[in-house]
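Trainee: With the hints as your guide, set chain S with the ligands onto chain H.
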Amino acid sequence: MSKKLMKGNVAIAEASVRAGCEAYFGYPITPQTELLEYMSERMPELGRVFLQAESEVAAINMVYGAAATGVRVMTSSSSPGISLMQEGFSYIAGSDVPAVIVDVMRGGPGLGNIQPSQGDYNQITKTAGHGDFHPIVLAPASVQEAIDLTVLAFDLAEKYRTLVFVVVDGAIGQMMEPAELPPMRELPSGRPDWALTGAKGREKNVISSLFLGTTELELMNKELQAKLAYIQANNEIRYEEYMTNDADLLLVAFGTAARVAQTAVQHLRQEGLKVGLFRPITLWPFPSRRLTQLTYLADTFLVVEMNAGQMVHDVRAAVHERVPVHFYGRMGGVIPMPEEVEQKVRELMRVVPTEDDVQTHQFPVKPQAAHEFLRM
Amino acid sequence: MNPAVMTAPNETLVYARPQSLADCYTHYCPGCTHGTAHRLVAEVLDELGLRERTILVASVGCSVFAYNYFNVDACEAPHGRAPAMATGIKRVNPNNIVFTYQGDGDLASIGMGEVIHAAARGENITIIFLNNATYGMTGGQMAPTTLPGQKTSSSPQGRDVAMTGYPLHMAELLGSLPGTAYSVRRSLHDARHVIQAKKAIRTAFEVQMANKGFSVVELLSSCPTNWGMTPEQSLTWIKEQMVPVYPLGDFKV
Ligand SMILES: Cc1ncc(C[n+]2csc(CCOP(=O)(O)OP(=O)(O)O)c2C)c(N)n1
Ligand code: SF4
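Sequence lines, in order, name chains H and S.
Every letter in the first sequence is one number past the one before it in this note's numbering, and letter 256, counting from 1, is 256.
Every letter in the second sequence is one number past the one before it in this note's numbering, and letter 202, counting from 1, is 1202.
Just chain H, with the same shape it has in the complex (with noise of 0.2 Å):
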């Protein structure tokens, strides 16, 4: 087969067809809305399930429902309609069925702005949901990863039956690139021995999430912690390097603002820098582990994302203190450009003379401006 060109979301919504998605749930919303059209015509014509659901919140429990039945189902959004979907991915954790949801990530908070963010990440990696879980979370660059993902989310939902986030933001799901599909998948002809298709011959299946006793609930989250660490342990975490082998100072990155990034250091190493760029794939589990390894080789962290810093501080974990790690972010739906990392390196790597750090660039307001906001 050959590369086609094609939008970011309508690329997620074939891909995850072709992986064998039998039902997905939706609600419209900015900049997502091309994958739940896309899934409208696509999915009637294969005989498969689409509903618009008439908000998030029944949404996400029509994919729980159809979860239930042990089919691979998925439902998409962006930012406040994932705030809205919380409590159903809480009780998807909580009950151990398998779901795919897909974050096209606008600006907020509130309503926001409709422009690219990575200002989920925080919601997703850490407090999708009320009680102790973390989701899955696979954040690709392009649309090619964008395909490759979504189908390993599917793979990941089911293998482990726990909830998995492909996770973009609105650049990813809007640009068009040359891309290659996946072959069609054929459907199971069964559905798994928990499933719920009515307890014809066999004892009934109950899929719940309440354990009233303090015992039972503890065994429960005995249970989930010990697949989260499963997950963990077991090859689950995923990255990407480029020209890290003898970089001094290393852009850490993730989806859009890694493709920034990654510019910046063929900038810079032109100019002789030693640059380099990690790339975490999966961010839960987080490639901590990596990190720490890579504090032997470059003596200086810079990350950079479009929010106000949220990956910063699962970077500053994995590098217990080894080195300096610092942030560059742009947030309100604004994409950084190569220039502005590049100046940052620059005066972290001592190129240029230092501004203060602090006035320019870790805030977003100036301390000054702030203060005066506060005796207001």
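Keep in mind the hints are simulated off the structure, nothing from the lab.
Straight-line distance between alpha carbons at most 27 Å, and here's what the computed DSSO-like set of lysine-lysine pairs gives:
#	chain 1	residue 1	chain 2	residue 2
1	H	159	H	222
2	S	1199	H	200
3	S	1199	S	1239
4	S	1239	S	1151
5	H	204	H	159
6	H	200	S	1212
Label-pair distances were calculated between CB atoms; the ranges are:
#	chain 1	residue 1	chain 2	residue 2	range
7	H	194	S	1212	26 to 36 Å
8	H	222	S	1012	45 to 55 Å
9	S	1236	H	40	50 to 60 Å
10	S	1035	H	194	20 to 30 Å
11	H	193	S	1014	35 to 45 Å
12	S	1253	H	308	55 to 65 Å
13	H	219	S	1014	39 to 49 Å
14	S	1195	H	28	43 to 53 Å
15	H	28	S	1212	23 to 33 Å
16	S	1012	H	191	37 to 47 Å
17	S	1236	H	219	42 to 52 Å
18	S	1162	H	40	37 to 47 Å
19	H	28	S	1250	34 to 44 Å
20	S	1178	H	217	36 to 46 Å
Cβ atoms here follow ideal geometry from the backbone N, Cα and C, with glycine treated the same way.
Mentor: Same frame as chain H, now just chain S with the ligands:
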């Protein structure tokens, strides 16, 4: 347990436990009509031969453990979301019989959006809706179905309609939607009404079997514990106080 074991020789068991009802104790308070409703649904599932095809979606409320009490495949939805979960199941498994079992806080308050839209879509599911005019599980707070003047733990002076509005008539509301194929209100306060309730539950499942669309049976139900009444007083209270506000009848058949 095989009921026959419990029968002495030469005796015929005429009132056995339905197969669809699990052989276990429930946690319901004495005199609570949740138990009555469970038995009616189980009898209907047995009589229609549906046990092995049925999937129950339990809700959050006193009936949260319904998945333990029915001998069918089951799941437990977030508060109010049972109709959405049932939709997901039914769309993927159209050959299963899918029903939710919901209280009035669950269905008429937090879950209003899900139930209205399931009905509006003509979702081919059945809803067993227990209206006991209060939030039983959380200790008897005011529900959207609480009667004007009724004292609850969050309306200690009695429900003041000027402040908190009026009771919601779900069977009428759902019956008004084109997607609804069957919407009726029955009561569980005496034997005659219990028999009528069972007939309605049977019809609701038959509607689903015939793929006719959304079916709902609202059942006026007791909560002696939170009403502060004996079981007997609470049945009288349904008859004398609830039925005048919530007229029994067929709103879509
Ligand atoms: C999101 C959420 N909000 C609130 C609750 C707490 N809660 C549990 S049951 C319930 C009310 C149930 O009342 P009803 O549906 O009338 O059923 P009943 O207990 O009377 O049978 C509430 C508010 C919850 N579990 N989840
Ligand atoms: S609290 Fe009320 S509704 Fe709940 S079991 Fe007791 S009597 Fe029934």
